[in-house]
Structure formats: C-alpha cells, structure tokens
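Protein chains in written order, with numbering that gives the first Met the number 0: chain A, 0 to 210; chain B, 0 to 190.
None of these hints come from the bench; they were simulated from the model. Any given hint might turn out to be false.
What the hints assert, rightly or not - As a list, the in silico DSS-like pairs of lysine-lysine whose alpha-carbon atoms are at most 25 Å apart:
id : chain 1 : residue 1 : chain 2 : residue 2
1  : A       : 103       : B       : 1
2  : B       : 1         : A       : 204
3  : A       : 84        : A       : 103
4  : A       : 34        : A       : 103
5  : A       : 148       : A       : 46
6  : A       : 148       : B       : 1
7  : A       : 103       : A       : 46
8  : A       : 46        : A       : 175
9  : A       : 84        : A       : 71
10 : A       : 84        : B       : 44
11 : A       : 82        : A       : 26
12 : A       : 71        : A       : 82
13 : A       : 46        : B       : 44
14 : A       : 34        : A       : 84
15 : A       : 71        : A       : 46
16 : A       : 204       : A       : 175
17 : A       : 82        : A       : 103
18 : A       : 175       : B       : 1
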Amino acid sequence: MHGQLASEFSDAGGGGSGEVSDDLWVKRAQQGDLKAYDELVTRHRGKVFAMIRNMVHNEADAWDLSQDVFIKAWHALGGFEGKAKFSTWLFRISHNVVYDWLRKRKIQGEGELNDEIFNSSRIDPSSMTTPSVADRPDHALAHDELRRKIERALAHLSPDHREVVLLKDVQGFAYKEIADATGCSLGTVMSRLYYARQKLQTLLKDEYEAR
Amino acid sequence: MKPGDEILALWLEGELDGPQQAEVDAWAAAHPELLAEREAISLWKVDLRGVIAADQQPPFPDFFNSRIEQALRQPAQTQPRQNPASQIRSWWRNLAVPALAAGMALCFWLGTEFRPAPAAVTVVALKEPPAVYTPLSGVTVEVVSTAGNDGTVIVLEGLAAMPDSLEVPETSGIPGESSFKLVTNPDTVTF
Numbered sequence: 000m001h002g003q004l005a006s007e008f009s010d011a012g013g014g015g016s017g018e019v020s021d022d023l024w025v026k027r028a029q030q031g032d033l034k035a036y037d038e039l040v041t042r043h044r045g046k047v048f049a050m051i052r053n054m055v056h057n058e059a060d061a062w063d064l065s066q067d068v069f070i071k072a073w074h075a076l077g078g079f080e081g082k083a084k085f086s087t088w089l090f091r092i093s094h095n096v097v098y099d100w101l102r103k104r105k106i107q108g109e110g111e112l113n114d115e116i117f118n119s120s121r122i123d124p125s126s127m128t129t130p131s132v133a134d135r136p137d138h139a140l141a142h143d144e145l146r147r148k149i150e151r152a153l154a155h156l157s158p159d160h161r162e163v164v165l166l167k168d169v170q171g172f173a174y175k176e177i178a179d180a181t182g183c184s185l186g187t188v189m190s191r192l193y194y195a196r197q198k199l200q201t202l203l204k205d206e207y208e209a210r
Numbered sequence: 000m001k002p003g004d005e006i007l008a009l010w011l012e013g014e015l016d017g018p019q020q021a022e023v024d025a026w027a028a029a030h031p032e033l034l035a036e037r038e039a040i041s042l043w044k045v046d047l048r049g050v051i052a053a054d055q056q057p058p059f060p061d062f063f064n065s066r067i068e069q070a071l072r073q074p075a076q077t078q079p080r081q082n083p084a085s086q087i088r089s090w091w092r093n094l095a096v097p098a099l100a101a102g103m104a105l106c107f108w109l110g111t112e113f114r115p116a117p118a119a120v121t122v123v124a125l126k127e128p129p130a131v132y133t134p135l136s137g138v139t140v141e142v143v144s145t146a147g148n149d150g151t152v153i154v155l156e157g158l159a160a161m162p163d164s165l166e167v168p169e170t171s172g173i174p175g176e177s178s179f180k181l182v183t184n185p186d187t188v189t190f
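With the sequences and hints as input, model every part of the structure.
Next comes the structure, spelled out in structure tokens:
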C-alpha cells in the first residue's frame, strides 16, 4: 500500500527524489489514514526518541514519553496547518510532554543549575562560548569517556539549557525552529544557548585542558 | 559597521545567507576572534554530534509503531480531531470530574457496607484476534481460530528448539470450556 501511495505522491508532488515529503503523508493522516500516520511515526521516531532520551536520561521513560508524543500528535493533527515543518511541530509536542513529565516528577530545578541560580562566578571569564575541541580523541576508549563526560555535563544543565543545546548543536535546528519548538522568543533562545555553552565550557574545561 | 547582536549570533551559527552573510563576512574579516569563535562553534557541534545521537531508534521499533496504532484504533480515537474542543464538551468534561468522584465515593461506601461471597473468576474472551509480538527476527506467527471461535491456535515458527527439561507452568483458562496446550517440535512452537 505504501508503495502505491508513494507512487501517487511522487506523481502529484514531483520532486523526483523518490522521497515523499512529510506534507503529503500529513494530509493523508489528517484524513484519518492510520497507515500514512504510521509512516510519519517511522520517519520521526528516531529523532523524537533520541531527543527525549537525552532530556530524561532514561530509556524506558523515553520510550513511553515518545509514545505519548505520537498519540498526542495524532489527536492534534487536525490543527496542524503546515506553517512550520512537521518535525518542528513534533518537537513542540515533545517539549510539552517532557516538561509535563518533569513537572510531575518534581525534578525540574532540584539539584540542577539554571539561569536564575547558576553562579556566574563559576564561569571562567576567559572561556569562549563553546568548549574547545582541540586534540579530539581518536580511539574508542577515549571516545566513550568523552561521551560519558559530555552526558554528565549536559545532565548538570537545567532542562531549558539542555534542550536548546540538544536542539541546536545535536539536532541542528535553526534559532527560529528552536523558538517555535520551545515556545520562546528568539532572544530567549539565543540567551539560553549562550549561557548553556558557557556552562559546558566550564564543566568540560578540565577534560579538554588535559589533552 | 558592526552588525547587531542578533545578526551576529545568526552569523556565528551559519544561519545567514546572501548579501547579509557577505556584509558580516566583510566586517568579521577584521575580527579574528570572531572567526575563531565561529570555527570553535562549528567544531564543537561536530564533536557533540560524534558522541550524542541525534537519531536513535527506540528499542523494538516495530512494537513501538504497533503500540501507537493499537492506542489510536481504540473507539473514538480513529480520527484526528478536526476542531478544538467545543464549549459544550468542555462543560461536560467539567461535570464529569465531580460526578466521577461522587461515584467513586459511593462505590467505596458500598464496598465497606457489603461483603459479597467470593465468586468464580469470569474470563471474557476477546473478539479481536490476539496481537502477537516477538522481539526476535525471523519468527513468523500464524493465528488460527477454530469454527465457532471456541479455540485459537498460535503457531510460532523460527524459534530455537525448546529443551525437554522445560516445564510449562499452569495457566488460566475458562473452566470447563477451554484448555491451554503447548506443543513443540524442533522448529515450531504451538500454543
């Protein structure tokens, strides 16, 4: 069925790349086509799951929350007007699901650093806004160690800061897309990213200086 | 002329293009510290993407999809909502919460007043064919219902042979009406 649908969409949408755009699957799904929605789930589940897992640091919770995202997205699909990319819209729902979960778990702000309570004196004034990447590791052990340290550093950020770093530096979103996904202004996103990178620079300073 | 902070931030992330990009490039040529910072940001992203996955499939991805589909196929969920909830629906929803709470309180009170004799457990047969999921690849599943739907056979092919020492524990069923059997051969497991 998907092959037939893809062929139909290719004929209608052109493009010639062989890849059917999200828009066409979305239109079908908005008409109640569960198969089309299943295709959208398959396309986006990897990014949604990775983003949520990096936010909540628990695979099982991330699995359940990702399920919630796609179920909520289905219910809200009628209101999706295509002004933003479908993936950006999905990340907006992911943002809401994760923050609801954080609120329920009452972990937001507890023992973590955020804009308000972070002691700016701990930021090295000579630090740049991004951690230095000189002398990057070139073997697996060092790579795993670096990954653990970066994950630990990310875990020390507030959810707001962690989210913008993940969306910007990992997912590769533009500022405007992050603003859409998080419901913040462009200026807020820029500010959060700036401070988040400064904190990471400080948290990872020893790691990079040792190389 | 120095660009504004917002334009500069966009330039550092490589989000400008066209004349705006060229304009800031020309200005930044005289500011090596900004060129270095832009380079550092770019390398940092490469570094981060090397250790933090941007795309990671959830465990059991097929099951992930089927669970969502199962949830969406439940009654009243097979069509995305076309409009926001109406005020009437919202009013009903507001009324439903206290009514539900009152009902639960009444049930609790009745539960403390009456102690019914223990009754036999009733097992309700499902009308839908069972959904069978296995995390193993290469396993095929066939569900066969007998005439009158009074029996179901689930055949799993492609599993490893079960050892003779394996004992299947007792399972529940409809007393007097149904039975549970596990039949095995080296290539096929049949319930």
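Checked hints:
no., hint, in the structure
1, 103/A - 1/B, "violated, 46 Å"
2, 1/B - 204/A, "violated, 31 Å"
3, 84/A - 103/A, "violated, 29 Å"
4, 34/A - 103/A, "violated, 33 Å"
5, 148/A - 46/A, "holds, 22 Å"
6, 148/A - 1/B, "violated, 37 Å"
7, 103/A - 46/A, "holds, 24 Å"
8, 46/A - 175/A, "holds, 18 Å"
9, 84/A - 71/A, "holds, 17 Å"
10, 84/A - 44/B, "holds, 22 Å"
11, 82/A - 26/A, "holds, 13 Å"
12, 71/A - 82/A, "holds, 19 Å"
13, 46/A - 44/B, "holds, 17 Å"
14, 34/A - 84/A, "holds, 20 Å"
15, 71/A - 46/A, "holds, 17 Å"
16, 204/A - 175/A, "violated, 30 Å"
17, 82/A - 103/A, "violated, 31 Å"
18, 175/A - 1/B, "holds, 22 Å"
Violated hints, listed in ascending order, are 1, 2, 3, 4, 6, 16 and 17; each of the other numbered hints is respected by the structure.
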